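Please put together the full structure from these sequences, using the hints given.
There are 2 protein chains.
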Amino acid sequence: MSAKIRLHVEHPLAEGQPLPLDREQAHYLFTVMRLEPGARVLLFNGRDGEWLAEVSEAGRRGGTLTALARTAPQRMPPDVWLCFAPLKKARTDFIVEKAAELGAARILPVQTDFTNAERIRRDRLQAHAREAAEQCGGTYVPEVAELRPLAALLGDWPRGRRLMFCDESRAGPASVLEGESRGAWAILIGPEGGFSQPERARLLALPFARAVSLGPRILRADTAAVAALTLWQQALGDWA
Amino acid sequence: MSAKIRLHVEHPLAEGQPLPLDREQAHYLFTVMRLEPGARVLLFNGRDGEWLAEVSEAGRRGGTLTALARTAPQRMPPDVWLCFAPLKKARTDFIVEKAAELGAARILPVQTDFTNAERIRRDRLQAHAREAAEQCGGTYVPEVAELRPLAALLGDWPRGRRLMFCDESRAGPASVLEGESRGAWAILIGPEGGFSQPERARLLALPFARAVSLGPRILRADTAAVAALTLWQQALGDWA
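Chains as they are written, first to last, in our numbering: chain F, 21 to 260; chain V, 21 to 260.
Be aware that one or more of the hints could be misleading.
Just so you know, same-sequence chains aren't split out, so a pair can sit in one copy or run between any two.
To be verified - Straight-line C-alpha distance at most 20 Å; calculated SDA-like pairs for lysine to any residue:
| hint | residue 1 | residue 2 |
| --- | --- | --- |
| 1 | K24 | A78 |
| 2 | K24 | G213 |
| 3 | K108 | Q155 |
| 4 | K108 | R142 |
Don't read these hints as lab results, they were simulated from the structure. Computed from a predicted model, the values in this text were never measured in an experiment.
Structure below.
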């Protein structure tokens with residue numbers, strides 16, 4: 021009865037629901053993992069919780085699973101976005117993986133004045149987020165948004181969403197979050213070179229932004245992303 | 021006058037102090053970075069703060085730097101150890117890098133019942149810690165200890181040092197740290213498979229240990245290390 025493989029699927033999940041597999045899923049389950057009819061896996065789709073399912077048909081290019089029973093309720097993350105300036109490939113992958121593990125609701129790559137990346141492979145980053153959710157036992161996969169300039173993101177910022185802005189140079193301790201209320205938030209992590217002076221001035225002037233320090237040492241951007249999500253989850257999220 | 025290269029050295033640092041370079045340092049500075057006599061670098065040795073230094077002699081197999089002036093005071097991290105069960109190579113490297121960035125005083129790889137690693141490359145991990153300190157602007161390099169069995173480490177645990185033990189199954193929220201006092205601490209992160217039942221029972225019975233939860237999602241061990249150091253620094257370290 022053990023079912024260690026966890027897969028994110030798009031289909032609705034309900035008892036007896038048949039789930040057709042695409043070629044990639046069939047390759048993974050039947051060629052890589054060598055599952056046979058009757059084998060069991062865990063599924064989630066971000067809406068219906070986690071389900072135990074059974075292999076009904078196994079083929080080279082497709083197959084079918086059948087959902088049997090719900091094994092865990094759907095759990096949504098708190099409403100926190102992680103906005104970050106993409107770095108080199110491996111560290112960008114890392115940030116996306118960690119954001120999914122730590123319960124970010126959305127992941128938004130942003131272009132800043134000192135960001136190197138001109139473009140991202142959104143589909144690849146989305147696959148990283150999905151794999152992280154599969155491996156960490158989550159029932160939710162955060163959406164990875166398209167790369168946007170920071171100025172555009174701030175220009176149509178959603179009403180009521182607050183911003184925790186991680187700044188090395190002018191910021192208060194993370195305990196400032198303790199006086200804040202829960203609700204819709206976003207975390208913004210700058211690129212390796214920090215924010216430019218005009219960016220910093222704009223951020224500090226935003227009424228919905230709080231500048232927060234991440235300690236006396238300089239952190240790499242990937243470390244800062246994990247530390248900031250940890251502090252936010254502890255103060256305002258679902259870790260308390 | 022800009023000096024972006026930062027190097028950890030073993031020698032004492034004082035005004036006018038000449039510093040002989042070994043072959044590896046000379047190769048890095050003069051062949052890789054193409055520095056010439058008169059070029060400036062920043063140095064630290066973990067005791068005397070950060071110093072501006074000048075290249076006095078540059079050779080293929082050696083050379084000399086001369087310390088000119090102190091540019092930052094020595095800053096020691098709080099007295100917190102990070103104990104962790106080594107993982108696959110890349111994630112172990114990552115934990116060591118992040119521990120140095122986040123201000124761990126010592127890094128102790130431990131063998132647990134479910135640890136895969138039989139041995140570690142201590143010299144390679146120590147080099148990672150040094151590089152992280154060089155890059156993050158620190159003046160201190162945490163020592164990486166030899167791999168030891170967890171039972172042996174707990175068997176001669178230093179008197180007065182408390183232990184934050186990160187456990188998925190039976191633990192209180194991180195806010196339990198808020199009632200604790202500062203001083204000598206260690207953080208213990210388990211391997212991917214968690215602690216064994218006997219290990220968990222022993223840890224929970226230790227009078228100096230506090231079991232702390234890292235939220236409702238399952239975190240990979242490398243994520244857990246960064247999150248735990250963040251929470252500790254925020255509650256009991258030098259981030260407040």
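Evaluation of the provided hints:
1. K24 with A78: Answer is within: at 18 Å inside a copy they meet the 20 Å cutoff, but 58 Å across does not.
2. K24 with G213: Cα proximity of K24 and G213: across copies only (13 Å, versus 42 Å in one copy).
3. K108 with Q155: Between copies only: 16 Å across, 23 Å inside.
4. K108 with R142: within (14 Å within a copy, 27 Å between copies)
The structure agrees with every numbered hint stated previously.
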